[in-house]
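A.B. asks: Each chain, written out:
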Amino acid sequence: MTALAEASPSLKRRTRTIGGRGGPALVVAFVAVAVWWAGAVVADSAVVPTPDQSLRSLVTELAQPSFRASVFDTLRVLVQSYLSAAVVGAVVGALLGVRPFWSRVALPLAYAVNTVPKVTLFPIFFVFLGLGNLSCGSFAFFSGVLPMFLIAAEAARGVPQAQLKLAASLRVGDLRVLPMVVWPAVMPAVAAGLRLTFGFTFLGLIVAEMFAGSSGLGQQLLRNVALARMEYIAGEIVLIALLALVPFLLLTWLERRISDRFGPRPAPRGSRP
Amino acid sequence: MMNTDADTTSRPAGAAPPGAAHVEATGVVRAFGPVQALGAVDLRLQAGEFVSVVGPSGCGKSTLLEIVGGLQVPDAGTVEVGGEKLAGPRERTAIVFQDSACLPWRTVLDNVAFPLEAARVPRKERRARAQELLGVVGLAEFAGHHPHQLSGGMRQRVAIARALITEPDLILADEPFGALDEQTRILMAFELLAVVERLSASVLFITHSIQEAVLLSDRVLVMSARPGRILDEIVLDLPRPRAQNTLALPEAAAAVDRIWTTLRTEASASMGVPR
Ligand SMILES: Nc1ncnc2c1ncn2[C@@H]1O[C@H](COP(=O)(O)OP(=O)(O)OP(=O)(O)O)[C@@H](O)[C@H]1O
Ligand SMILES: [Mg+2]
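These protein sequence lines map, in sequence, to chains A and B. Per the working numbering, the first sequence starts with residue 1, numbered consecutively. Per the working numbering, the second sequence starts with residue 1, numbered consecutively.
Next comes chain A alone, as it looks inside the complex (with noise of 0.2 Å):
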């Protein structure tokens, strides 16, 4: 009975999310290409090229082995960066988040230097690590480090005094604790953080490639800016739409399994739209 009980909710739940998540996201991507496509008939202008111009360049460029190489290296960089920038951000927010002293100490210069525009510390970037993947790879960390950082923190800083007292009482010492108590406390509010780190890290990536790639995504559009190539310009928009929409999936799924397992508070879920 009580299986039964647990089972249930997190099922109508699942449901729910199919029918209420996935169904309207669809049909906006729909309506979207249909207006784009109904827009460059109506415009007919080199500026606007269709949807289906756009896909013949892509297919065109994907042909190109030096085009794959671009794609293939953009997504190296990205796996890399974006992996290093979630596991560090969320480890080192927890760490200091629960710390207050530490917190008191480290947020207020972290949000200093979220404020900045990143953009704008990337020639250091450029100056110090030169041309390259080196570059863009650590621009691109930074870019979304520190988002993750202040949501672990903020996080963990929310862990209740109470919970850690418990554990305190209990003599679980301070690097058991982190399993026990503060992982699966920050585990919601980690989760949602990863979806944003991620579109952090992937702006990061392409503007650094713009700037300073020598391969990339990036740079193959800027190329394509600077030949006014419009319908190749759409064809990377689409691809690069593409490849955000994949880890945007696998990490909505792992957002919903984890707030399933570690966060069943009825008031975030009941407000959730």
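Because the hints were derived from the structure by calculation, they are not lab data. The beta-carbon is built from N, C-alpha and C at its ideal position, and this holds for glycine as well. Hints are supplied without guarantee of correctness; some may be wrong.
[What the hints assert, rightly or not] FRET-style restraints, in silico, Cβ to Cβ: (1) Gly135(B) <-> Trp253(A): 37 to 47 Å; (2) Val105(A) <-> Gly144(B): 36 to 46 Å; (3) Ala140(B) <-> Asp260(A): 20 to 30 Å.
Fit chain B with the ligands to the given chain A structure using the hints.
C.D. replies: This is chain B with the ligands only, laid out in the frame that chain A set:
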């Protein structure tokens, strides 16, 4: 529910079980910045003794309890528990916090088993023990639920079960029944008494209910408004086992009256009302 036979609830008079905790706090002082929370407080608990503390809100009751629990270090004064100087939380002390402190991602069963997990007791064993304790607090069918699916009072019962699971010899309870309704409160209080007496544990019990303090305790300490000091000590020589009608005894009524008289002035003082 629990076995509440007379022989399990009647306390062996005066005889301290060997090794049982006693508390000896002398001249304990604690301030938070400019806020003097606790004046010099002396507190003694004999082994197996049930001592309640009543006092106006914000007078330092929770602070005193956390100091005895080893969670806070006093600015001055010494604390000895079980004959040893206190250095941090002690293995055989259990705390029931003012807020139930349930871990929301754990089931009720795993919340109750948490102290055993902290002590690295094997999973099967700690779950069996937890299930047993859930029976004691009347939550056996809720083992698989999560805390948010329980009422506030039920969560507090989870916290009590969790405190008892390690078979402590000293229980520090901070308004453990504050969230319970009157009837559950009385039932739970008698359950607690039964378990505590079976364990021969000493109890430091913080409550805002004068009746509850008199009903359960061997001794009641009345604290002053902040900075908290002990104003009065009432020794209750009431028969055990205690029952609802204990409060009808003339001695009990007199004790309630005496505590209330002392507290009234302090409560007004703590709320800024002139005496
Ligand atoms: N961590 C803290 N930091 C700063 N001040 C604190 C802290 N803990 C307690 N205090 C202050 O110390 C005083 C005593 O607090 P305490 O929680 O011990 O009171 P209490 O008697 O338990 O009150 P209540 O009956 O309302 O629970 C209060 O004035 C409170 O503001
Ligand atoms: Mg308190």
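A.B. asks: Which hints from the list above does the structure break, by number from lowest to highest?
C.D. replies: Hint check: nothing fails, all pass.
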